[in-house]
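K.L.:
Taken in sequence, the protein lines are chains R and H. The working numbering applies: residue 35 is where the first sequence begins, and numbers increase by one. The working numbering applies: residue 1347 is where the second sequence begins, and numbers increase by one.
Hints are computed from structural coordinates only; laboratory data are not their basis. You may find that some hints are simply not true.
To be verified - Computed cross-link-like contacts, DSS-like style, restricted to lysine-lysine with a CA-CA straight-line distance of at most 30 Å:
no.	chain 1	residue 1	chain 2	residue 2
1	R	Lys165	H	Lys1381
2	R	Lys132	H	Lys1429
3	R	Lys145	H	Lys1488
4	H	Lys1381	R	Lys164
5	R	Lys164	H	Lys1377
6	H	Lys1488	R	Lys164
7	R	Lys164	H	Lys1429
8	R	Lys165	R	Lys132
What the hints assert, rightly or not - If you anchor each label on the Cβ, the simulated ranges turn out as follows:
no.	chain 1	residue 1	chain 2	residue 2	range
9	H	Lys1488	R	Ala116	53 to 63 Å
10	H	Asp1423	R	Ser147	46 to 56 Å
11	R	Lys179	H	Glu1403	20 to 30 Å
12	H	Ala1425	R	Pro144	25 to 35 Å
What the hints assert, rightly or not - If the Cβ cut is set under 7 Å, some of the chain R residues that face chain H in the computed set are:
no.	residue
13	Pro126
14	Ala182
15	Val186
16	Thr190
17	Val194
18	Gly197
19	Glu198
20	Ala202
21	Glu208
22	Ala211
Bear in mind that the values here come from a model prediction, so they are computed numbers and not experimental data. For every residue, glycine included, the Cβ atom is placed at its ideal position computed from N, Cα and C.
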Amino acid sequence: MRKTGAVRTRANDHSGPGGFRPNRRGLLRAGAAAAVAGVAAPALAGCDLFGGPDAPPPPDALTGLLAGTHALVASYDAALAADTTLTALLTPLRDTHKAHAAALEAIMSPKPSPSSFSLPSAAPVDGDRKKILATLRTAEASAAKQAAEACVSTTTVRAVLVGEIAAARATHVEVLA
Amino acid sequence: MTTLAERLQTALAAEHSAIYAYGRLGVLLDKAGQKEARTGEEAHRARRDALLLRLAELKAEAPVAEPGYALPFPLADRAAALKLAAYVEDGVAASWRAALADAEGELRRQVLTGYTDAAVRATRWRRRAGVAPATVPYPGRKAQ
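The shape of chain R in the complex, shown without the other chains (with noise of 0.2 Å):
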């Protein structure tokens, strides 16, 4: 029996064989998305109008959410220096970011380098628990619509990381209330 993904069925099952039929369309304008994925970074990669064919292939388009995955963690990082108190609380959050940038920079190309995120060495933060837990929500909110554009905008093979990582910042901001 197949599960329904939140709580098992008792009835009929209705995806046996002759059930849904499979949709050509949905396959076909998935395949297209993939080719035109694959096709353009080539052909990106390969510009040489404005330099040498020495010139660096241009940034991978996720470079923008990893640059601001390190934000959040640099600011999560001044939080925790800042008021032991939130040590619980935060660092499960932060932990998250870090990983999600370690997720990010594993699918880039090309390779991101360490030294294109110079990390605004993190606004000492000052105020009191309130204070520090509104500015983190207001980060983790924007931050997360940030990624929600970029999971749109993105290719099919990186949705799915894309979306956990705007789904993951829209559950910090839960949280941080």
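Got chain R; can you put chain H on it based on the hints?
P.N.:
Okay, now just chain H, sitting in the frame of chain R:
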């Protein structure tokens, strides 16, 4: 290969089961929890209706709600109700997450919204239950 229509059918089945679960678990919660459960149920009904429209556009069959769903564990008290609420939201999140790669453009945005909303509600229920951390690094992903 799984098609977009099949992904959306799975999401619809998950939405059906979530609506059923909220109908069962609400009575075990305190007043604030009941309000939250009603809001969640409403959100799943809206998502269900949007999915029905989308599947009709795709000329794909829409799975109907079952008269009953086997619950994953006995629903005896408030703790179990909170656990079930988080459980069904995680399931809904997983089914939407699985549709992300098959959808494009505006449809992907809608899929992402369904996914994100379920992930946020799962987090909210875990927080209400006192589970820490209430978040997970990759919402809806099976093994992590």
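K.L.:
Now, for every hint given, state plainly whether the structure supports it.
P.N.:
Tested hints:
{"no.": "1", "hint": "Lys165/R to Lys1381/H", "result": "29 Å, holds"}
{"no.": "2", "hint": "Lys132/R to Lys1429/H", "result": "28 Å, holds"}
{"no.": "3", "hint": "Lys145/R to Lys1488/H", "result": "28 Å, holds"}
{"no.": "4", "hint": "Lys1381/H to Lys164/R", "result": "26 Å, holds"}
{"no.": "5", "hint": "Lys164/R to Lys1377/H", "result": "27 Å, holds"}
{"no.": "6", "hint": "Lys1488/H to Lys164/R", "result": "34 Å, violated"}
{"no.": "7", "hint": "Lys164/R to Lys1429/H", "result": "29 Å, holds"}
{"no.": "8", "hint": "Lys165/R to Lys132/R", "result": "23 Å, holds"}
{"no.": "9", "hint": "Lys1488/H to Ala116/R: 53 to 63 Å", "result": "36 Å, violated"}
{"no.": "10", "hint": "Asp1423/H to Ser147/R: 46 to 56 Å", "result": "54 Å, holds"}
{"no.": "11", "hint": "Lys179/R to Glu1403/H: 20 to 30 Å", "result": "27 Å, holds"}
{"no.": "12", "hint": "Ala1425/H to Pro144/R: 25 to 35 Å", "result": "50 Å, violated"}
{"no.": "13", "hint": "Pro126", "result": "4 Å, holds"}
{"no.": "14", "hint": "Ala182", "result": "6 Å, holds"}
{"no.": "15", "hint": "Val186", "result": "5 Å, holds"}
{"no.": "16", "hint": "Thr190", "result": "5 Å, holds"}
{"no.": "17", "hint": "Val194", "result": "5 Å, holds"}
{"no.": "18", "hint": "Gly197", "result": "5 Å, holds"}
{"no.": "19", "hint": "Glu198", "result": "5 Å, holds"}
{"no.": "20", "hint": "Ala202", "result": "6 Å, holds"}
{"no.": "21", "hint": "Glu208", "result": "5 Å, holds"}
{"no.": "22", "hint": "Ala211", "result": "9 Å, violated"}
Comparing the model with each earlier hint shows violations of hints 6, 9, 12 and 22; every other hint is respected.
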